[in-house]
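Which chain is which? The protein sequence lines are Y and B, in order.
Residue numbering for the first sequence follows my numbering, starting at 392 and increasing by one per position.
Residue numbering for the second sequence follows my numbering, starting at 392 and increasing by one per position.
Be a bit skeptical, because a hint or two may be false.
You can't tell identical chains apart in this list, so a pair holds if it fits in one copy or across any two.
[As the list claims (entries may be wrong)] Each computed DSSO-like pair below joins lysine-lysine, with the alpha-carbon atoms no more than 30 Å apart:
hint	residue 1	residue 2
1	439	541
2	433	512
3	433	541
4	439	512
5	512	533
Honestly, the hints are just simulated from the structure, not real lab data.
Here the structure is a predicted model, which is why all the values come from computation and not from measurement.
Number of protein chains: 2
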Amino acid sequence: MAKNPIDPTGDACSEVDRSVLEGLVGYHLRRAQAAVFEDFRKTMAAEKITPGQFGVLALIGANDGLSQSALARALGIERSTMVAVIDGLETRGLVDRRASETDRRSNELTLTPTGRTLTAKLGPMVEDHEARMAEGLDADEKAILVDLLKRVGAGA
Amino acid sequence: MAKNPIDPTGDACSEVDRSVLEGLVGYHLRRAQAAVFEDFRKTMAAEKITPGQFGVLALIGANDGLSQSALARALGIERSTMVAVIDGLETRGLVDRRASETDRRSNELTLTPTGRTLTAKLGPMVEDHEARMAEGLDADEKAILVDLLKRVGAGA
DNA sequence: TATTGTTATACTCTATAACTATA
DNA sequence: TATAGTTATAGAGTATAACAATA
Numbered sequence: 392m393a394k395n396p397i398d399p400t401g402d403a404c405s406e407v408d409r410s411v412l413e414g415l416v417g418y419h420l421r422r423a424q425a426a427v428f429e430d431f432r433k434t435m436a437a438e439k440i441t442p443g444q445f446g447v448l449a450l451i452g453a454n455d456g457l458s459q460s461a462l463a464r465a466l467g468i469e470r471s472t473m474v475a476v477i478d479g480l481e482t483r484g485l486v487d488r489r490a491s492e493t494d495r496r497s498n499e500l501t502l503t504p505t506g507r508t509l510t511a512k513l514g515p516m517v518e519d520h521e522a523r524m525a526e527g528l529d530a531d532e533k534a535i536l537v538d539l540l541k542r543v544g545a546g547a
Numbered sequence: 392m393a394k395n396p397i398d399p400t401g402d403a404c405s406e407v408d409r410s411v412l413e414g415l416v417g418y419h420l421r422r423a424q425a426a427v428f429e430d431f432r433k434t435m436a437a438e439k440i441t442p443g444q445f446g447v448l449a450l451i452g453a454n455d456g457l458s459q460s461a462l463a464r465a466l467g468i469e470r471s472t473m474v475a476v477i478d479g480l481e482t483r484g485l486v487d488r489r490a491s492e493t494d495r496r497s498n499e500l501t502l503t504p505t506g507r508t509l510t511a512k513l514g515p516m517v518e519d520h521e522a523r524m525a526e527g528l529d530a531d532e533k534a535i536l537v538d539l540l541k542r543v544g545a546g547a
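Put together the whole structure using the sequences plus the hints.
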């Protein structure tokens, strides 16, 4: 039997002692995140939307006219990082930069009709993906997980 | 008051509606991972060790003579990716590649004395970091979090 | 045929520092 | 002075595809 080159759980690698990492939240966080990211990538392969891009689309959709800086702050990334993200979405005709009339330094972001349609289509796909990721968890456990994740590193 | 440019919890951005992302495990996973990674980076700034490098050192320390491929599988990354990681640690004199006598394709990895000393020093630092990250959680909650993380994406 | 290590290449996500135009 | 957007640059971290040596 050919060994799975990448084994999400790592259970097939019983020959290697990983007990030193077993208790580490950071380690399991990385493994879980990699697995979820990979599934998201596959789920959205046809739409060519990354998790980060989805967050941006979803937040613009829910906050029409949002500025790039506010969006970056809300997602916890630098505003300089946001530039390229918006560039990409704008080039694809999903997002519009509209010069603000009240503050000419700032751009008001909106979804184009195409962007709105795509974002609406993405919603159920993300739900499916999420359901797949949380397959082994019941609703209570999923809620607990989200709650615990929100509290991890909160006081750093 | 200048706003914190990057706000781990995002609580300071109440002007932005993030409810669309609130229920998503993937979103909270990414936020938590970013916060933990950042704290790890700061904690290990003096030692210049990344989370990935720590995992490699810890696993070699616990599995002397491990091959690069087995190590990559155990950590869930490609063996081609592992090459540069080991290159870096070997250049720094922390890890040794020893040609296997039984299988000449394969390298047996060992910690050098320096590597062993550093890895031993890193242990308590990682514990401190972990404690800081789980500050808001009691022991039970931390155990639950680890358990839930192990089950996320397991059946993907 | 399959596996180990390797190289070449590319992509995503992210940050910092410095610039410009506004405020 | 401070903020919004931008550019240039850099560095993790990762993958795929191909190759030689070996099993």
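Okay, which hints does this one fail, numbers in order? When the structure is compared with the hints, none of them turns out to be violated.
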